[in-house]
Amino acid sequence: MPNKTFFWFFLPTGLAMILFIGLPIISTGIQSFYAQHDQVVKEVKKCDPFGCTVSIVVDQEKTSKIREEKPLGKFNGFGTYVDRNHLAIEEIGKFWNETNTFGEFVDQVTNLPFYKALIFTLTYCLFVTPNVLLLGFIIALSLNAVTRRIRGPLIFGTILPMIVTPLVGSLVLFWMIDAEGIIGANLQMLMDDPYLSLKSSKTLTWITIIIYGIWHHSPFAFVVFYAALQTVPQEPVEAAIIDGASRWQRVRHIVLPHIYPVVTFVALISLMDNFRVFEPIIGFSAEGSAQSLSWLIYDNLVNEEVILFGSAAATSMMTIVGIAILLAPVLIRTWKEFRTAR
Amino acid sequence: MEYGLDKRSNALKIFNTTFIIVWLLVACFPFIWTFWGSFKVRADFFSRADWWYAITAFNTLLETGGKFTTDAYSQAWTEGEFWKASRNTVIVTFFVVTISLFLGTLGAYALSRSTRNYAFWILIAALIFRAMPHITLVSGYLFPFFQLQIWGILPTTIVVLVAINQPFTLWLLYSFFKTVPKELDESALIDGCSYFQAFRHIIMPVMWPGVITAGLFSLMLAYNDFTVTALLLNQENHTMVPKIQSYLGTNQHEGNLMWAVSAVVSATAPLFMLVMFFQRQVISGLTAGAVKG
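Quick note, the sequences are listed as chains A and B, same order. Under my numbering, the first residue of the first sequence carries the number 1, and numbering increases by one thereafter. Under my numbering, the first residue of the second sequence carries the number 1, and numbering increases by one thereafter.
Below, a sample of chain B positions facing chain A; criterion: calculated Cβ distance under 10 Å:
(1) T17
(2) F19
(3) A108
(4) L127
(5) M220
(6) A267
Since the hints were derived computationally from the structure, they do not count as laboratory data. Even for Gly, the Cβ is constructed at its ideal location relative to N, Cα and C.
The following block holds chain A by itself, in its conformation from the complex (with noise of 0.2 Å):
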């Protein structure tokens, strides 16, 4: 296809990507460096028969008026980067001279809102991704022993977490598991403790936000592996049959390696979309002990009094950051296969 053709059938659809991906990955970068105005204060002088008071009040009109004029707030270099919220390079530094033990030190710094949803974040995605690595491939492998007439329903069935959306998905999960729920009274009564809840544990509500994690993303991986499966060629196994290899030596040496470029790729895609975990948090209000990137930067987005914009894209620009080096193996890769291609 000759250039000037390619330009036109590729115009609408490459705008689109550049106006509403690329230019807003550009003014994230742009917003990270500004911080809000701080609020203009003034001293009142109130004299009342006993003496006089002064007193400090925020002027509300140079506020509103300074705000109007640099409505992306003050310059603020790299200094959202590294205050408390962000990388706090201070307090770490604090804490390192502080305290005694590394236990305590490291105790101390996961205390720290970014660190702390660094934190669940990847170990969301640690305990998230092999999992429902596993569970798609023994889902599928069971699903492709069953009767073929059988499986439209089967497989029916076995996708829907996946179709519906992440809060819908959550929200169903919480109101079984919630103390009030199906799941979380029955808890109750085989663990004889009437206060159990999802909310009262920290760690319960990791497990059940990991739990919930596998069970909305095993049916992509079952349904990639399943159509892997099909494609296996029959010979090969016939012979392993023959030979007396076993059921498992069987998927380990034949099936396994003949579906690895698909086990990759859905481990990618996974490994991309759990790391941008979000919706389940508000889903399972765990806003309380379960905090992820993606929920920091939505909780300075919706605050109530000011729009943190320059906290909000500090946290995106280091999350663009998390996903580079996530991605990076993989366009090295890609980058070699196309350099010896040539």
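Could you slot chain B onto chain A? The hints should help.
Below, chain B without anything else, positioned relative to chain A:
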């Protein structure tokens, strides 16, 4: 594997069947339970006293006189203004799907017929864009949209959702266009068609399965979106998913939590029907990028 060579032991068969039944229960029961519970009053579905009430409908019987009640639905749809939310969802979904498909088919066709290096790099860039968490993009939109005074209205959200959806649509349609033989449009070009005519009259007619799949995924993205719609629309224009969340926030009313339950069922039911109808396309779409590529 049905050649009689591969004999499964009975133990394995039993294990397999049990596993599938357990998994299906885990996957489907929450939805069945919520559907069942949406016809009860709050005191039954969220019972402090005894969860068994949700089945015997003790309080529902007391409060409404019947074992099932549709109060939650009628209240949510009228008083809770869920009708408005669903109307907004229909508008947003319709426009996102049509615009996405229009832009996506043009772009993906060009990508699949180009032999240059830049086509490869565009696809890689699209993959990177696909990886961006939507909330980071939203944090980039908010400030400029406030300044341009286009925040809160449906058209802005539609355009944003179309753009966010493009990378995935491009990849999906690209892999579908690759399966259409090049000879088909080349012969049309020799006969004197322009590229656009070849695309319009020769390629599109054989591309319907791919277009339906891509359309379904655009529909699911627009229909299910929470991040963009919750932050870019004002109260008045909220679509279904942010509306459900707003029912959760205001717990003063006795009925509101049940509104959320009935709203969840109302929002999920059409989606399930659609997927039941188009199951084959959904699965082919999910695997197109993985297995063929």
